[in-house]
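Student: Residues in the sequence shown are numbered consecutively from 22, following the working numbering.
Just so you know, these hints were derived from the structure itself, not from any lab. Any given hint might turn out to be false.
[Claimed, not checked] Pairs of lysine to any residue, SDA-like flavour, derived with a Cα cap of 20 Å:
| # | residue 1 | residue 2 |
| --- | --- | --- |
| 1 | 430 | 348 |
| 2 | 23 | 130 |
| 3 | 369 | 387 |
| 4 | 23 | 209 |
| 5 | 338 | 328 |
| 6 | 348 | 92 |
| 7 | 156 | 92 |
| 8 | 125 | 168 |
| 9 | 56 | 68 |
| 10 | 445 | 429 |
| 11 | 254 | 265 |
| 12 | 96 | 68 |
| 13 | 56 | 22 |
| 14 | 118 | 80 |
[Unchecked claim] Label-pair ranges, simulated between beta-carbon atoms:
| # | residue 1 | residue 2 | range |
| --- | --- | --- | --- |
| 15 | 418 | 332 | 45 to 51 Å |
| 16 | 330 | 44 | 55 to 61 Å |
| 17 | 403 | 444 | 24 to 30 Å |
| 18 | 153 | 300 | 22 to 28 Å |
| 19 | 66 | 269 | 15 to 21 Å |
| 20 | 62 | 445 | 45 to 51 Å |
| 21 | 403 | 62 | 17 to 23 Å |
| 22 | 211 | 331 | 53 to 59 Å |
| 23 | 55 | 83 | 58 to 64 Å |
Quick reminder that beta carbons are idealized off the backbone N, C-alpha and C, glycines included.
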Amino acid sequence: MKVSVFGSGYVGLVAGACFAESGNEVICVDIDEKKIEKLNNGIIPIYEPGLEEMIKRNVRQRRLIFTTDMEQAVKSSLFNFIAVGTPPDEDGSADLKHVLAVAKTIGTHMEEFKVIVDKSTVPVGTAEKVRETIKSVLLERGAELEFDVVSNPEFLREGAAINDFMQPDRVVIGTDNPRTTALMNELYSPYMKTKDRLIAMDIKSAEMTKYAANSMLAAKISFMNEISLLCEKVGANVDMVRIGIGTDNRIGPSFLFPGIGYGGSCFPKDVQALIRTGNENQCKMDLLQAVEQVNNNQKHHLLDLIEEEYGSDLNGKTFATWGLAFKPQTDDMREAPSRVIIDGLLAKGARIVASDPAAIETARVIWQDQIEYQEYYYDALVDADALLILTEWNDFRRPDFNRIKDLLKHPVVFDGRNIYDPQKMRSLGFKYFSIGRPNGQ
Numbered sequence: 022m023k024v025s026v027f028g029s030g031y032v033g034l035v036a037g038a039c040f041a042e043s044g045n046e047v048i049c050v051d052i053d054e055k056k057i058e059k060l061n062n063g064i065i066p067i068y069e070p071g072l073e074e075m076i077k078r079n080v081r082q083r084r085l086i087f088t089t090d091m092e093q094a095v096k097s098s099l100f101n102f103i104a105v106g107t108p109p110d111e112d113g114s115a116d117l118k119h120v121l122a123v124a125k126t127i128g129t130h131m132e133e134f135k136v137i138v139d140k141s142t143v144p145v146g147t148a149e150k151v152r153e154t155i156k157s158v159l160l161e162r163g164a165e166l167e168f169d170v171v172s173n174p175e176f177l178r179e180g181a182a183i184n185d186f187m188q189p190d191r192v193v194i195g196t197d198n199p200r201t202t203a204l205m206n207e208l209y210s211p212y213m214k215t216k217d218r219l220i221a222m223d224i225k226s227a228e229m230t231k232y233a234a235n236s237m238l239a240a241k242i243s244f245m246n247e248i249s250l251l252c253e254k255v256g257a258n259v260d261m262v263r264i265g266i267g268t269d270n271r272i273g274p275s276f277l278f279p280g281i282g283y284g285g286s287c288f289p290k291d292v293q294a295l296i297r298t299g300n301e302n303q304c305k306m307d308l309l310q311a312v313e314q315v316n317n318n319q320k321h322h323l324l325d326l327i328e329e330e331y332g333s334d335l336n337g338k339t340f341a342t343w344g345l346a347f348k349p350q351t352d353d354m355r356e357a358p359s360r361v362i363i364d365g366l367l368a369k370g371a372r373i374v375a376s377d378p379a380a381i382e383t384a385r386v387i388w389q390d391q392i393e394y395q396e397y398y399y400d401a402l403v404d405a406d407a408l409l410i411l412t413e414w415n416d417f418r419r420p421d422f423n424r425i426k427d428l429l430k431h432p433v434v435f436d437g438r439n440i441y442d443p444q445k446m447r448s449l450g451f452k453y454f455s456i457g458r459p460n461g462q
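My request is simple: use the sequences and hints to build the entire structure.
Tutor: Following this line, the structure appears as structure tokens:
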């Protein structure tokens with residue numbers, strides 16, 4: 022089948038590569054000429070395991086091309102996927118200008134029936150706005166052409182996006198047209214080999230599903246983070262509490278790991294957008310407002326532990342940080358807890374030496390020479406007063422603890438991801454701080 026994907030960011034590149042991997046002819050189109058030039062030269066602008074190899078393989082097989090030619094992309098494909106960014110406005114609502122700009126482009130160049138698919142994360146009612154935009158352009162052209170608009174939200178986890186697309190838990194299709202449902206079912210059939218996971222529903226319900234799913238996951242994280250703070254106060258161990266409640270089938274074990282807050286491009290933005298949608302419809306989202314507040318507070322918790330240990334003046338103190346990305350297997354630092362923590366330490370006069378397997382170049386854009394960087398993570402430890410674990414990369418889970426002690430000025434670890442065992446750390450002579458577990462000596 023012939024597919025065009027508008028927007029060559031995270032969602033667009035993953036979707037385009039995975040559609041091509043199943044034998045479809047795919048055009049990825051973007052207005053950013055430099056990005057398209059890099060893609061055509063084999064330079065992938067994001068870090069996602071397996072993506073670079075998949076893109077290069079499908080480019081070689083001529084199933085995947087990158088272009089800035091919007092007209093070609095519209096005319097060549099039955100399916101036109103909109104996968105452009107929807108950054109939050111100052112009030113938390115999703116900015117739809119890029120989505121509607123693509124809709125206008127499609128309306129300008131289409132000459133026959135098209136299926137326009139909203140893949141971007143968009144608020145309820147966006148499909149109708151896309152439909153009206155295209156109708157308006159066609160009316161100006163004096164063209165009577167049939168088209169359908171579909172909501173097809175993405176549920177990709179950064180770091181596992183290829184697997185999530187190729188072996189999805191579910192594919193949600195929002196459309197009121199049975200013919201279009203059949204076409205979307207055919208497009209996604211290669212990913213349904215073992216089980217039919219395609220769920221067809223009305224458009225507004227599909228649009229709501231994406232926001233509701235991410236907000237539910239964010240709520241679980243904030244709940245456990247708040248429980249972890251209470252565990253610290255009463256002397257309970259949040260690890261034991263997590264196991265105790267996670268074995269309840271009604272709750273499940275996923276997203277119950279406490280830490281320093283959620284980040285990334287999805288959870289913060291989607292929670293804010295759903296709060297805004299509620300306000301616009303006179304439905305106050307009290308729970309989600311609390312979820313967001315708890316998360317903002319949790320990003321400062323490690324700073325509070327550091328201040329309790331060293332005081333508010335950190336001049337002359339050096340902190341090594343292992344991890345910068347908001348989660349492992351990505352270089353994404355959008356809304357990352359590391360940004361709040363490092364900014365807070367810098368404001369108190371501290372020196373920061375940071376290491377991350379993927380996000381150092383992203384960090385250089387943010388802080389430039391305000392902090393120091395080390396590709397080899399042990400090098401970040403030299404003469405540091407303490408080590409901070411800010412991202413739970415596998416690289417950091419089984420280190421040489423004796424080497425850490427030798428390199429640090431003092432054997433102090435602030436573990437924002439709870440990846441080490443407190444008893445073991447103390448038996449090795451570390452002063453160890455973590456989240457929701459007995460801290461200090």
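Student: Hey, residue 118 versus residue 80, does the alpha-carbon distance stay inside 20 Å?
Tutor: violated (30 Å)
Student: Going straight from one Cα to the other, do residue 96 and residue 68 come out at no more than 20 Å?
Tutor: This hinted pair is violated, its Cα atoms lying about 31 Å apart.
Student: Using the Cβ atoms, figure out if residue 66 sits within 15 to 21 Å of residue 269.
Tutor: violated (42 Å)
Student: Between residue 418 and residue 332, does the C-beta distance stay in 45 to 51 Å?
Tutor: Once the Cβ atoms are compared, 31 Å apart, the range 45 to 51 Å for residue 332 and residue 418 is violated.
Student: Residue 56 and residue 68: Cα distance at most 20 Å?
Tutor: The given pair, whose Cα atoms are some 14 Å apart, holds under the 20 Å limit.
Student: Next pair to validate is residue 348 with residue 92; report whether the Cα-Cα distance is within 20 Å.
Tutor: violated (38 Å)
Student: Starting from the hint 22 to 28 Å, judge whether the C-beta atoms of residue 153 and residue 300 obey it.
Tutor: holds (23 Å)
Student: Is the straight-line distance between the alpha-carbon of residue 56 and that of residue 22 20 Å or less?
Tutor: violated (25 Å)
Student: Holds or violated: residue 254 with residue 265, Cα cutoff 20 Å?
Tutor: Holds, at roughly 19 Å.
Student: Can the suggested window of 58 to 64 Å be confirmed for the beta-carbon pair residue 55 and residue 83?
Tutor: violated (23 Å)
Student: Next pair to validate is residue 369 with residue 387; report whether the Cα-Cα distance is within 20 Å.
Tutor: holds (18 Å)
Student: What's the verdict on residue 156 and residue 92, does the C-alpha distance respect the 20 Å limit or exceed it?
Tutor: holds (18 Å)
When held up to the earlier numbered hints, the structure conflicts with 1, 6, 12, 13, 14, 15, 19, 21 and 23 and fits the remainder.
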